[in-house]
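K.L.:
Residue numbers (this note's numbering), protein chains in the order written: chain A, 5 to 351; chain B, 5 to 351.
Hints may be right or wrong, so weigh each one.
Stated by the list, open to error - EDC-like cross-link-like pairs, simulated, lysine to aspartate or glutamate; straight-line CA separation at most 16 Å:
id, chain 1, residue 1, chain 2, residue 2
1, B, Lys183, B, Asp243
2, A, Lys337, B, Asp243
3, B, Lys328, A, Glu313
To be verified - Chain A residues, not near chain B, derived (Cβ > 12 Å throughout):
id, residue
4, Glu112
5, Val307
6, Asp311
Source of the hints: derived by calculation from the structure; they are not laboratory data.
Keep in mind the model is a prediction, meaning the values are calculated, not measured.
Just so it is clear, CB atoms sit at the ideal spot from N, CA and C, and this is done for glycine as well.
Protein chains: 2
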Amino acid sequence: MINSNNYCVIMSGGIGSRFWPYSRKDLPKQFLDFFGTGQSLIQQTYDRYCKVVPQENVFVITNIRYKELVQQQLPQLSEDHILLEPTRRNTAPCIAWASMHIQQLNPEANIIVAPSDHLILKETEFINSLSKGLEFVSQSPQLLTLGIKPNRPETEYGYIQIDEHLAGDFYKVKTFIEKPELEFAKVLIESGEFYWNSGIFVWNVKTILDTFKEIMPEIIQWIAKGEEGFASCPNISIDYGIMEKANNVHVQLCDFGWADLGTWNSLHEVAPKDMNQNVSTHGNVLLYNCHNNMIAAPNGKLVVLQDLENYLIADTENVLLICKKDDKNAIRKYVNDVQVKLGEDYI
Amino acid sequence: MINSNNYCVIMSGGIGSRFWPYSRKDLPKQFLDFFGTGQSLIQQTYDRYCKVVPQENVFVITNIRYKELVQQQLPQLSEDHILLEPTRRNTAPCIAWASMHIQQLNPEANIIVAPSDHLILKETEFINSLSKGLEFVSQSPQLLTLGIKPNRPETEYGYIQIDEHLAGDFYKVKTFIEKPELEFAKVLIESGEFYWNSGIFVWNVKTILDTFKEIMPEIIQWIAKGEEGFASCPNISIDYGIMEKANNVHVQLCDFGWADLGTWNSLHEVAPKDMNQNVSTHGNVLLYNCHNNMIAAPNGKLVVLQDLENYLIADTENVLLICKKDDKNAIRKYVNDVQVKLGEDYI
Numbered sequence: 005m006i007n008s009n010n011y012c013v014i015m016s017g018g019i020g021s022r023f024w025p026y027s028r029k030d031l032p033k034q035f036l037d038f039f040g041t042g043q044s045l046i047q048q049t050y051d052r053y054c055k056v057v058p059q060e061n062v063f064v065i066t067n068i069r070y071k072e073l074v075q076q077q078l079p080q081l082s083e084d085h086i087l088l089e090p091t092r093r094n095t096a097p098c099i100a101w102a103s104m105h106i107q108q109l110n111p112e113a114n115i116i117v118a119p120s121d122h123l124i125l126k127e128t129e130f131i132n133s134l135s136k137g138l139e140f141v142s143q144s145p146q147l148l149t150l151g152i153k154p155n156r157p158e159t160e161y162g163y164i165q166i167d168e169h170l171a172g173d174f175y176k177v178k179t180f181i182e183k184p185e186l187e188f189a190k191v192l193i194e195s196g197e198f199y200w201n202s203g204i205f206v207w208n209v210k211t212i213l214d215t216f217k218e219i220m221p222e223i224i225q226w227i228a229k230g231e232e233g234f235a236s237c238p239n240i241s242i243d244y245g246i247m248e249k250a251n252n253v254h255v256q257l258c259d260f261g262w263a264d265l266g267t268w269n270s271l272h273e274v275a276p277k278d279m280n281q282n283v284s285t286h287g288n289v290l291l292y293n294c295h296n297n298m299i300a301a302p303n304g305k306l307v308v309l310q311d312l313e314n315y316l317i318a319d320t321e322n323v324l325l326i327c328k329k330d331d332k333n334a335i336r337k338y339v340n341d342v343q344v345k346l347g348e349d350y351i
Numbered sequence: 005m006i007n008s009n010n011y012c013v014i015m016s017g018g019i020g021s022r023f024w025p026y027s028r029k030d031l032p033k034q035f036l037d038f039f040g041t042g043q044s045l046i047q048q049t050y051d052r053y054c055k056v057v058p059q060e061n062v063f064v065i066t067n068i069r070y071k072e073l074v075q076q077q078l079p080q081l082s083e084d085h086i087l088l089e090p091t092r093r094n095t096a097p098c099i100a101w102a103s104m105h106i107q108q109l110n111p112e113a114n115i116i117v118a119p120s121d122h123l124i125l126k127e128t129e130f131i132n133s134l135s136k137g138l139e140f141v142s143q144s145p146q147l148l149t150l151g152i153k154p155n156r157p158e159t160e161y162g163y164i165q166i167d168e169h170l171a172g173d174f175y176k177v178k179t180f181i182e183k184p185e186l187e188f189a190k191v192l193i194e195s196g197e198f199y200w201n202s203g204i205f206v207w208n209v210k211t212i213l214d215t216f217k218e219i220m221p222e223i224i225q226w227i228a229k230g231e232e233g234f235a236s237c238p239n240i241s242i243d244y245g246i247m248e249k250a251n252n253v254h255v256q257l258c259d260f261g262w263a264d265l266g267t268w269n270s271l272h273e274v275a276p277k278d279m280n281q282n283v284s285t286h287g288n289v290l291l292y293n294c295h296n297n298m299i300a301a302p303n304g305k306l307v308v309l310q311d312l313e314n315y316l317i318a319d320t321e322n323v324l325l326i327c328k329k330d331d332k333n334a335i336r337k338y339v340n341d342v343q344v345k346l347g348e349d350y351i
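Next comes chain A alone, as it looks inside the complex (with noise of 0.2 Å):
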């Protein structure tokens, strides 16, 4: 059943400085365990997709910079599947880089390109998704992303709009539309045509490096040029890049208990609750008239709480932030504002 041309790539090199003082510059959240269950979740992304393609055919994609973590984590890995970039340069180039690497070794390849830190709630039905995904790009060339089922008028996430219906889950794909404001998102999600970009990806190696050509053949030229080239691609999302440009793309309906923990706000809404909305992340916590806060601290560490409704209170060894839980744009004012005043040390 796990077919030996279906690969997986796990991008791993964002900073996710929106999960400060948690995520660091030398531990993104990527690499942390959120929920207590001893996995972080690159662990259980890897393990997720694991049941998907054959081991052997999970690749990591990070930063250079993050190699060690990557290596502790998933002992598992063999070295020469971790690609390391040298430098920051967003989605678009790190596809084409692992697409470029994967057509080497196997010009058939399906590939699952895939962040590494996702929630996913029910395995089964991911599994089945993404098996019936990799069959439709073996045999269509089409560039294939997930699309979820919304339950909510979420300003956090992208949408798309499904346009004619090809087969089953899949749809031609009308547009893309980018962290709408709420009184928009209402409207996208009323229509019925709108359905969250997972930004998990799938297709055949040939299609997405055909695309890349056309559209964005200086990547691929940088990138054959090694590491000095692939610094000098440009900064570029895949989703900008290549997806709302291409005129293959298609979507899959999926449903598989799927949140983007992109932000303290997405941890809050998808963990449990008490009876007042509260979420924690351990168990040492006693609240007098809270509501709807998100709390995490270290293992161990007592947290006592009176009066406060819609804060993030995120404690860790060396940084205490509390802050208003809906400020989306709060923590990176904050993360600016500490490295020009303190420095690095903090951040």
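Go by the hints and put chain B onto chain A.
P.N.:
Showing chain B alone in chain A's frame:
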């Protein structure tokens, strides 16, 4: 100038539970350096009284569980100058015992009895006042308490009403009032007859022991029996047991920048504030739209706060407490809840 008949007893057996989570059962507030000056409250207190009486006449009385803490923090204090209470019995038995001990060393002794957790800002005035007080009690069999001119209707302090003027700063005491409600405190202040009761007492050893023999003879009898006798003493304060009942009580009006660091609020009251009335006990604090907060965190920890007003944020290695700064009874309740639910580890 320094009189060898003059003694000082520093009382240092309190728990200071209203300063939790900074004060802990094994490290009460008098052993903490709240202001980051390099000296704990008891170290400051000891140095201060060494300028008023001969160093060899300064005694510390504390609970037996704090013996090592006192020895560590006051290594210059010889072992026979530390009196160890076997059990906690409030200030009346504590003072009776210390007085009996000093009487055996010097039956002429004039004794200052002082808590170990006061802040004194004007040291010269302090030394002058105490010297005058010692002179006063050496010549007259009076129980002297130091009264502080109030600058606000503080509800956490006791008040003394002055009666007829004796001489200089000395007045007979009319009555004592314990921690008044705010409206009542305002009335007391406006009358001009009320002073804060500092809890610093001065008397001749014979005067205080004669008063004990008259009003609470059982305490003297129990303590004469030794350690087991001490445990049999009633749990009663010197204020309630002696000062409010004796008829030879005088007050000396003083002004030496005094504060009783009884609560986080009192620390906030006296500490330097930023332009928004925030106080923090260390430097690495970034505040956004925050007003009138009291912030305590370990050295080196960065604290970033947004949209908080009138909160106490007290962060220690294993406890984070965030509560309304003005909720007087909150901390005692929390300490009790923590003890019941989580045991002794956090208190």
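K.L.:
Would you mind marking each hint as holding or not holding in the structure?
P.N.:
Here's how the hints hold up against the structure:
no.: 1; hint: B:Lys183 - B:Asp243; verdict: holds (13 Å)
no.: 2; hint: A:Lys337 - B:Asp243; verdict: violated (54 Å)
no.: 3; hint: B:Lys328 - A:Glu313; verdict: holds (13 Å)
no.: 4; hint: Glu112; verdict: holds (51 Å)
no.: 5; hint: Val307; verdict: violated (5 Å)
no.: 6; hint: Asp311; verdict: violated (5 Å)
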